[in-house]
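**Student:** Numbered per the numbering used here, the sequence shown spans residues 1 to 503.
Read the hints as simulated data drawn from the structure, not as lab findings. Treat the hints with caution; some may be incorrect.
[Stated by the list, open to error] Lysine-lysine pairs mimicking DSSO-like chemistry, simulated, CA-CA at most 27 Å apart:
#1 K500 - K188
#2 K110 - K188
#3 K166 - K300
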Amino acid sequence: MSELPLLSLVIWLPIIGGSLVLLTANKGEQWVKWLSLLIAVLTFIASIPLYTEFQIATAGMQFVEHMAWIPTFQVAYYLGVDGISMPLILLTTFMTILVVMAGWEVIQYKNHQYMAAFLIMEGLMVGVFSALDAVLFYVFWEGMLIPMFLIIGIWGGPNRVYATIKFFLYTFLGSVLMLVALIYMYLKANSFAILDFHTLPLSLSEQTFIFLAFLLAFAVKVPMWPVHTWLPDAHVEAPTGGSVILAAIMLKIGGYGFLRFSLPIAPDASNELDWLMITLSLVAVVYIGFVALVQQDMKKLIAYSSIAHMGFVTLGFFLVFAIQDNTGSIQGAALGIQGGMMQMISHGFISGALFLCVGVLYDRVHSRQIQDYGGVANTMPVFAAFMVLFAMSNAGLPGTSGFVGEFMVILSAFQANFWFAFLAASTLILGAAYTLWMVRRVIYGAVANDNVAQLQEVNFRETIILTVLAVMVLLLGLWPAPLIDVMTPSIDLLLEHIAKTKL
């Protein structure tokens, strides 16, 4: 394993690089573009050894870095990754390159600030996935809100102020209770190390308080029904790059929080309240699927689709105890957590790709309304092929990444309860309905109007971005084993820990 502080490099390279972009913006627009792309590419290259040198047979933390930060309160600069966090870091560094490329020609206003905001946010998000100290985690968690707040507030649509304030208030208020829970556990453990929190002997009432405090913070981030209403507004007003990062990475931080905090720290409360989590997840899958059906704005439709798909993630995570009650074994739940993780990574690529496709159309027509399109395949056949592929993957077509996670969660749900599986499987119908409805009206049919007739085919830069995403969607759909192999030991360790620590 490399002796380099790889995690620090992946965190601080884009943060320092983003600051450099801000400071040297007077060198011109081309300088800003190329420097931003170089920093994003170097950060991704730096993150690759996290996968290539990862010890698959080891379930514990790897690439660990530890040094005292605030010794008086036992706060440390403590980093490490396992099979749960490492794939999410690679997803973050990969998608940031595409977002920088996507804003290459589109962003004309304060270009340097736009690029810098995404680079700094990249480092902060990697920090969230890497932090093993609760204070460090909280600093990164809150810090990443600021660049996104600025991205939507400066480069967003006409209602951007409303969307940014709603986004900030929802996410910030959810985080306050999490901070209270972290301080409470520090007073019990005399340490802020997250792994020390995992071994705290907590009563059921203490666990319930901690679980509910984390639930509010993570449910808003996922987002789960009924605290999901900020997401469609944020997506509609955000620039394309903001929507991509919001859907591909930031929503996953909520799911990651459940695996890193809620399940291992409060297993008994998770067991007692699993009915609540399963209910909220199924409501997201079914009800939000119907809400997506009636959307006229493509971005809103994809936003609601994201909420429904993230419902699968939380469902997979909290089937653990229902499966144990039904089968007598907690190990059968590994499939559900694996499926949830697969869904998170897959959804990162698919939702990012769909928002980029909407961005391509919006750059040309300046409308996201489905009724303003029709017959796009006649004027943009290459683009149409990409969008149909991503739409079919979003609907869970076998052979694409969208199928793998959903199928694993549905199989896991069958081990818990037939009706859980039945309701979860309804997404295969609803997802196909709202996705194919959008594709039929936007892509197929006769050319609807002059705007569509004058559309220009995707250029080289756009083709590269969409091709890379198409390859990832197909690769994960046809060969998910490398990703599953990496995460399985860490998931098994989590389940063993839950089985041991339950009262």
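**Student:** Of all the hints numbered above, which does this structure not satisfy? Sort the numbers upward.
**Tutor:** 2
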